[in-house]
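Participant: Protein chains in written order, with the working numbering: chain A, 247 to 572; chain B, 247 to 572; chain C, 247 to 572; chain D, 247 to 572.
Just so you know, not all the hints are guaranteed correct.
Said to hold, decoys possible - In silico SDA-like pairs for lysine to any residue, Cα to Cα no more than 20 Å straight-line:
#, chain 1, residue 1, chain 2, residue 2
1, C, Lys357, C, Ala331
2, C, Lys345, B, Leu464
3, D, Lys561, C, Ala331
4, C, Lys345, B, Ser461
5, B, Lys561, A, Ser461
6, D, Lys345, C, Ala529
7, A, Lys385, D, Lys504
8, B, Lys504, C, Lys304
9, C, Lys504, D, Gln567
10, B, Lys561, A, Trp371
11, C, Lys504, D, Lys561
12, D, Lys345, A, Glu463
13, D, Lys504, A, Trp371
14, C, Lys385, B, Glu467
15, A, Lys345, D, Asp471
16, A, Lys345, D, Phe470
17, A, Lys385, D, Asp471
18, C, Lys345, B, Lys385
19, C, Lys561, D, Glu291
20, D, Lys561, C, Asp295
21, D, Lys345, A, Ser461
22, C, Lys304, C, Glu291
23, D, Lys504, A, Gly410
24, B, Lys561, A, Arg256
25, D, Lys457, A, Ser461
26, B, Lys385, C, Gly410
27, A, Lys561, C, Gly410
Stated by the list, open to error - Which residues of chain D face chain B? A partial, calculated answer using Cβ under 7 Å:
#, residue
28, Arg469
29, Ile522
30, Pro531
31, Ile533
32, Ala537
Since the hints were derived computationally from the structure, they do not count as laboratory data.
Please read these numbers as outputs of a predicted model, since none were measured by experiment.
Beta carbons: idealized from backbone N, C-alpha and C, even for Gly.
4 protein chains.
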Amino acid sequence: MQLGMVGLGRMGANIVRRLLRHGHTCVAYDRNPEPGRQLAAEGAEMVSDLPALVATLKPPRVVWLMLPAGQITEAAIHALAGLLAPGDVIIDGGNTFWKDDIRRARELSEKSLHYVDVGTSGGVWGLERGYCMMIGGEKAVVDRLDPIFAALAPGRGEIPPTPGRAGRDPRAEQGYIHAGPSGAGHFVKMVHNGIEYGLMQAYAEGFEILKHADSAELPQEQRFDLDLADVAEVWRRGSVVSSWLLDLTAMALANDPKLDSFAGYVEDSGEGRWTINAAVEEAVPAIVLSAALYARFRSRQEASFADKMLSAMRKGFGGHQEPKKS
Amino acid sequence: MQLGMVGLGRMGANIVRRLLRHGHTCVAYDRNPEPGRQLAAEGAEMVSDLPALVATLKPPRVVWLMLPAGQITEAAIHALAGLLAPGDVIIDGGNTFWKDDIRRARELSEKSLHYVDVGTSGGVWGLERGYCMMIGGEKAVVDRLDPIFAALAPGRGEIPPTPGRAGRDPRAEQGYIHAGPSGAGHFVKMVHNGIEYGLMQAYAEGFEILKHADSAELPQEQRFDLDLADVAEVWRRGSVVSSWLLDLTAMALANDPKLDSFAGYVEDSGEGRWTINAAVEEAVPAIVLSAALYARFRSRQEASFADKMLSAMRKGFGGHQEPKKS
Amino acid sequence: MQLGMVGLGRMGANIVRRLLRHGHTCVAYDRNPEPGRQLAAEGAEMVSDLPALVATLKPPRVVWLMLPAGQITEAAIHALAGLLAPGDVIIDGGNTFWKDDIRRARELSEKSLHYVDVGTSGGVWGLERGYCMMIGGEKAVVDRLDPIFAALAPGRGEIPPTPGRAGRDPRAEQGYIHAGPSGAGHFVKMVHNGIEYGLMQAYAEGFEILKHADSAELPQEQRFDLDLADVAEVWRRGSVVSSWLLDLTAMALANDPKLDSFAGYVEDSGEGRWTINAAVEEAVPAIVLSAALYARFRSRQEASFADKMLSAMRKGFGGHQEPKKS
Amino acid sequence: MQLGMVGLGRMGANIVRRLLRHGHTCVAYDRNPEPGRQLAAEGAEMVSDLPALVATLKPPRVVWLMLPAGQITEAAIHALAGLLAPGDVIIDGGNTFWKDDIRRARELSEKSLHYVDVGTSGGVWGLERGYCMMIGGEKAVVDRLDPIFAALAPGRGEIPPTPGRAGRDPRAEQGYIHAGPSGAGHFVKMVHNGIEYGLMQAYAEGFEILKHADSAELPQEQRFDLDLADVAEVWRRGSVVSSWLLDLTAMALANDPKLDSFAGYVEDSGEGRWTINAAVEEAVPAIVLSAALYARFRSRQEASFADKMLSAMRKGFGGHQEPKKS
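Just chain A, with the same shape it has in the complex (with noise of 0.2 Å):
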C-alpha cells in the first residue's frame, strides 16, 4: 500500500522504515528537510509541502500524521482538510485527546474525510520490536488499512499464545486491535500510558525502599546494603514481577547503579493527566494512578508552598521552627 508521512521525528521516520522494508510505499513531509534525506536513501518518496504530499499519492490517499499532539496536529488536520478529497483517510498516530478525534472525526465526515486515531506504543524499540497500535474509527476504513497496520505490528514472535483465545480477534495476537468508533484508539492507548505510570511508580517506590534498606533511620543490625541492579536482574525471571519495564530497569542499572546520571525530574505527558480526568468522568478510584502522576509533579518542585504551609501550622501550634533545607 502507500502511505502519506507527514512528521519526520524518530517515530515518524522509523515507522516510514518499518513500512519500507514490509515492502509498501512513502511519501514522506517533515518542514525539516535534515531527517527525509537519510529515508530518502531508503526508499521513501520526499515531497517539500502538504500540496505536494496530496498531489503525489494515489487515491484514495492515506496520510499518517506523526506531529506533536495540540495544535501543531489541529492544524495540519485543518491544512489537509482543504487539499483532500472525499475518501481519502488521517490517520493521527500522535497522542492526541481522544474528545478531540470525536470531534475532528465528525467535522472531517462532513467532507467525506476519513479519520483515524491510531494510539501508536513502541517509543524507541518500535522499529526493531514494532509497534503496538490501539485504533479508533470506521470498521471499513479501519479493514482497508490493514495491510500497514500488520506491517507495523510486531506480529505473535516468541510469546506464548494466550489459551482460550479461539474466537476471537486474531488481530490482537499481532500486536493491534481496532479498539472501536472514533478517539477509542487513543482512549485506549492513554490508559495504557496511565497504567505505564502506575507501574513505573511502583517500581520506583519498591526500589527506593531497596535503597533506603541501609538507612540511618534503621537500627544498625537491621540494615542491608543491597545491589540493586542483581535484584533487578534477578526478579527478570521466574518472579511476579517480571516485565518490559523491569528489563528496561535492569538494564539502566546494570550501567549506572546509583542512577547519578539521573537529576530526578519527571516530566509527565498529556495521557497521563487525561487518565485520571477519564477517572474523575466516570467516578472511578483511580488512586494509584493518580499518586503516580501526582509523583512526577512533586520531582518537578523544589519546595512545595503546601510544605510551607505544613511548617507555617507546625510553628502556629507546636512553635516548631523547622530546619531550612540544605
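Using the hints, position chains B, C and D against chain A.
Facilitator: The following block gives chains B, C and D in isolation, referenced to the frame of chain A:
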C-alpha cells in the same frame, strides 16, 4: 493535690504553671537547672535529682514525666521504679508508643506501682487554652487524679455544648477523657495526630491549588492572582472548613503571605507513623493519613531515588532525556 | 437594597429570609409556588415568572440565581439575558463550574449586563450563622452590591480577630471576599469544597482506626473498646484537630454512636471533581484531595471491577481462590 | 545434594519434585501423610516425624522449611534446633518476616547452627518455570548450598541477557541472588510482593477505567464499549506495559471477559503490610504501594465506618440524606 514533675521543657513547665495557678502543689526536677529558676519564683519546689523528688513527695506519690519519648522516658521510669513505693503513680504525659504503655503498666504492676498514660494536646497554647488530655490506665487511679486533670483541662469555655450528650461522661466536655486501660490514652492521642496530619495536608494542597491558580500552565484568561491571606480569613466564618488549624493558617498568611520564611522541609513525629502502622494492623484503608505522612517524607528529599528510577525507565523505553533540576 | 431571587430551595429561601431580616427588599420567583407562600408572609414579594420578576425590579436590577448548577442555571441566565437591560446584574450563587462563569461574563458583557459569581458556603446553617461568600466579578459591581453581601455574611461574631491583618481588606473578617474577576468566586469555593472532602476523609479514617481498635486482627491485650462520641467531644477543646466538622461529628456520634442510621454510601458534587481537574491542570500534587474523592466513588461500588481483576491475577499466579463476599 | 524438606504444600512438594528431576536426593516430611504418597513414587524418601528426618539426613544436614510463616514455622525451627548438630543448616523458604530471620539466625548461631532465609517467588508455576529466589545468610553457607539453588532457579532461559552485566554476579541471570546477611532474602522478597501489589493495582485501575468507558455518567457520544480481553492481549506485544501479570490478565479475560467468577474480595498477605512498615521506618514515601494495599482492605469491607462518618458529616452541615445502598 501534690504532683511531681520530671522534665521542664515548654510542655512540662507550663503544666506545672497551670497546676500552680489552680492551687495545686508541684515538686519539679529537670537535669538542666535553668528552666526551674523561673518556676521556683512562681511557687514550684525544685529538687536536684529523682531521689530528692521521691523523698520530697508525700505518699501516695504522683510523678508526671514530660520527657522525650523513647529511651529517655524509659530510663526515667526504670529509675523511678526503683525509688517509688507501692501505691505510687507514674504518669507519662509524653508522646509514647502505646504498646510501650501496655508493657510498662504490666511491669510496674508487679511492683504495685500504677502507670497512667496521658496523651496531651495543646502545644504552646496549653498554658492559656488548657490541655486536651486522653488518659489510659486503671479507673480507680485515674479517678484519684481527677483534680489534676480537671485543672489542666480547658474546661467548657465558650464552646457550645453538643446536643444529646445528657448522661454521657461529663469529663469529655471539660476536655479530658479516660479512654480505657493502659495505652488507650496514647492510642487516642496517636490517632489525633494522624488526623492532624491529614487535616493539615488537605489545607496545604488546597492552598497550593489556590496559589498556583496563576500558573503559566493555564491559559491566560483562566488565571487568578488570589489573596491567600484573605481566603484563609474568610473561611474562618460560616464556612464548612473552619477550624483551629485554619485560624493558625490565617495568622501565618497574614504575616507572611508567601510563606517565604519557610523552606518547605517538614518534620514528622512518631505518632503519624504509628497511626499508619495501626491502620495496617487493623486492615483499615487509611490512604489520606498515609499520603499526608508521605508528603512530609517527600518534603525532606532533594532528589528521590524513585524519581531517578522513573527517568531511567523513560529513557529506556522512549529515549526521553529528562532536564536537570535547576 | 432590592434583590430579585430565582430559585427558592433551602439556600435561596433562607438567603431571602436573611436579607429581609436585615431590611432589604426581595422579589422572588420559583417555578414551584409552594416555597414562596411562607416567604410572602415574611415580607417577600412573589412573582410568577421571569418577565414579571424583571418588570417588578427597579433598574439597575440585581437578580440572584440559586438553582442547580448546569443546564437549569444556564437556561435561566439565557432567559434573563433577553429580559434585562444594560447595567443590570446577574448573580449566580450556585455551585457553578468556574470556567462557565468566565464564559458567561464575556457573553453577558456584550449586552452590557454584569455577571457576578458567588461561591456560597453555609448550608442549612446559613440562615442562623450567615453565609461565607467568595465573590468573583468586576470591582465596581461587587462594591455596589456590598449591602447585600454584608447582610448575608456572618460578620465578625465571637471569633477572635487574626493578628496582623491591619490594612487588609476588612470584608474577609466579615465573612466575604471579592476574590477576583469572573470565575474567581466559584474557583475559591471549589477549592473550599475540595479541602472539605480532604478534612472529612481525614476524620473518617482516624475514627475508623479508633473504631477498629477492638479488631479481632489484633492481639487480645492490644485491643481497645473506645467511646467514639467522647473522643470526638474531648477533641473539641484544646486539641489541634478542633473544627466545625468535628463539632458536627460529635453531634452525630452523641446521637448515633455506631452511625447505624447510615449505609456508607457517599455522594460527591462537582466541586470535588473540579478541584482534582484544577490540580492536574496546574500540576499540583493533590493526593489527599484526590484520595478523599476516590473514597466516595468507592463507597458507592458494591464489588469493583478493579478488585475482581486483582483476584483474577492472584488466581493466575498463585492459584489463590478468593472467598466470596458474604 | 541431599535436602530435607518439611512441609509438602504445593510449594514444598514442587520444590522437592524439581530437585529430584535435577538429580538431587530428598527426604521429606509433612504431618499430613497424603501429599507424600505421590512424592515417594517420584523418588522422595518420606519420613514420619522430625527426629526421623534428622536421623535420615547425612551431616552436615540441610533442612528446608516450607510452612506457613509465623507460629508454625517458629515451632518447627525450635524443634529442629533441639535435634540438629553443629554445622547443620535450616532454610526457611516461607514468607517469614525479615526481622524474625535476623533474630533466629542469632539464636541458632549460639548452637552453631546455620540459618538461611529464602524468599521464593514462582507460585503454582514454579515447577515448570523455576523459582526466583532471594537468599539471605552467611556467604560460605549460601555458597555450599549452590547446587540446590541452581537446580531450583529458572536459569537464563530465552530471556535476553541484560547488556552491561559483565563482571556482575552471574547467579542473578540464573534467577537467584545472595542478597545479603540473614533477613536480606526475605526483605527483598517482601519488597517484591509490595511492588507486585502496586503493579496489580495499576492494571486493575486502568482496566476499570476501560470497563466504565461506557458509563452512564458520560455523554452518549463519548462512551466506548471496549473488548477488555483484546486490549489485554494487544498490550502483550510491543507495548510499554507488557509483563507476566498482563499475560495472566489476558488469560483471565479471555476466559471470563466480565470476571463474573470473582466477587471482588481480595486477600492480602503479610509482605504487603510489612513493605509499608518498612517504608515508614525508612521514611520513604510509598504512596502507590500503600494505596494498593488499602484497596485490598477496602475490597473486604461491606460498608465502611469511615464512609458512614462522611455521610454523618454531610447530613450535619448540608442536611444531605444519603441514599441507602441497594
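Participant: If a hint holds in the structure, say so; if it doesn't, say that too.
Facilitator: A quick look at each hint next to the structure:
Between Lys357/C and Ala331/C the CA atoms are separated by roughly 8 Å; this keeps the pair inside 20 Å, and the hint holds. With a C-alpha separation of about 12 Å, the suggested pairing of Lys345/C with Leu464/B holds against the 20 Å cut-off. Among the hinted pairs, Lys561/D with Ala331/C is inconsistent with the structure: their alpha-carbon atoms are about 41 Å apart, more than 20 Å. Using a Cα cut-off of 20 Å, the hinted pair Lys345/C and Ser461/B holds, with the two alpha carbons roughly 16 Å apart.
Between Lys561/B and Ser461/A the alpha-carbon distance is near 28 Å, which puts this suggested pair outside the 20 Å criterion. Between the alpha carbons of Lys345/D and Ala529/C the distance comes to roughly 40 Å, so the proposed pair goes past 20 Å and is violated. Distance hint between Lys385/A and Lys504/D is unfulfilled; the C-alpha atoms sit about 24 Å from each other, more than 20 Å. Using a Cα cut-off of 20 Å, the hinted pair Lys504/B and Lys304/C is violated, with the two alpha carbons roughly 44 Å apart.
Distance hint between Lys504/C and Gln567/D is fulfilled; the C-alpha atoms sit about 17 Å from each other, no more than 20 Å. The straight-line distance between the Cα atoms of Lys561/B and Trp371/A is roughly 11 Å, inside the 20 Å bound, and the hint therefore holds. With a C-alpha separation of about 15 Å, the suggested pairing of Lys504/C with Lys561/D holds against the 20 Å cut-off. Our distance criterion of 20 Å between C-alpha atoms is met by Lys345/D and Glu463/A, whose separation comes to about 16 Å.
Restraint check for Lys504/D and Trp371/A: not satisfied, since their Cα atoms lie roughly 33 Å apart, outside the 20 Å limit. Between Lys385/C and Glu467/B, the direct Cα distance comes to roughly 17 Å. Compliance with the 20 Å bound is thereby established for this hinted pair. The hinted pair formed by Lys345/A and Asp471/D meets the criterion: a straight-line CA distance of about 16 Å does not exceed 20 Å. For the hint pairing Lys345/A with Phe470/D, the CA-to-CA distance comes to about 12 Å; that is within 20 Å, so the pair holds.
Taking the CA atoms of Lys385/A and Asp471/D, the gap is about 15 Å. The hint holds against a cut of 20 Å. Between Lys345/C and Lys385/B, the direct Cα distance comes to roughly 59 Å. Violation of the 20 Å bound is thereby established for this hinted pair. Between the alpha carbons of Lys561/C and Glu291/D the distance comes to roughly 31 Å, so the proposed pair goes past 20 Å and is violated. Annotation: proposed proximity of Lys561/D to Asp295/C is violated, straight-line Cα distance about 32 Å (limit 20 Å).
Taken as a hint, the Lys345/D and Ser461/A pair is honoured in the structure, with Cα atoms around 16 Å apart against an allowance of 20 Å. Proximity of Lys304/C to Glu291/C is assessed by CA-CA distance (about 13 Å); at most 20 Å being required, the pair is judged to hold. About 14 Å separates the Cα atoms of Lys504/D and Gly410/A, which keeps this hinted pair within 20 Å; it holds. Between Lys561/B and Arg256/A the CA atoms are separated by roughly 14 Å; this keeps the pair inside 20 Å, and the hint holds.
At most 20 Å may separate the alpha-carbon atoms for a hinted pair to count; Lys457/D and Ser461/A exceed this at roughly 42 Å. A C-alpha spacing of about 46 Å is found between Lys385/B and Gly410/C, which places the hinted pair above 20 Å, so the restraint is violated. For the given pair, Lys561/A sits about 16 Å from Gly410/C by alpha-carbon distance, which is consistent with the 20 Å threshold. With a least beta-carbon distance of about 28 Å to chain B, the hint placing Arg469/D at the interface is violated under the 7 Å criterion.
Interface restraint check: Ile522/D against chain B, minimum CB-CB distance 6 Å, threshold 7 Å, status holds. Against a cut-off of 7 Å between C-beta atoms, the interface hint on Pro531/D holds, since the closest Cβ of chain B lies about 4 Å away. With its C-beta approaching chain B no nearer than about 5 Å, Ile533/D sits inside the 7 Å limit, and its interface hint holds. With 7 Å as the threshold, the beta carbon of Ala537/D comes within range of chain B, its nearest partner Cβ sitting at about 6 Å, so the hint holds.
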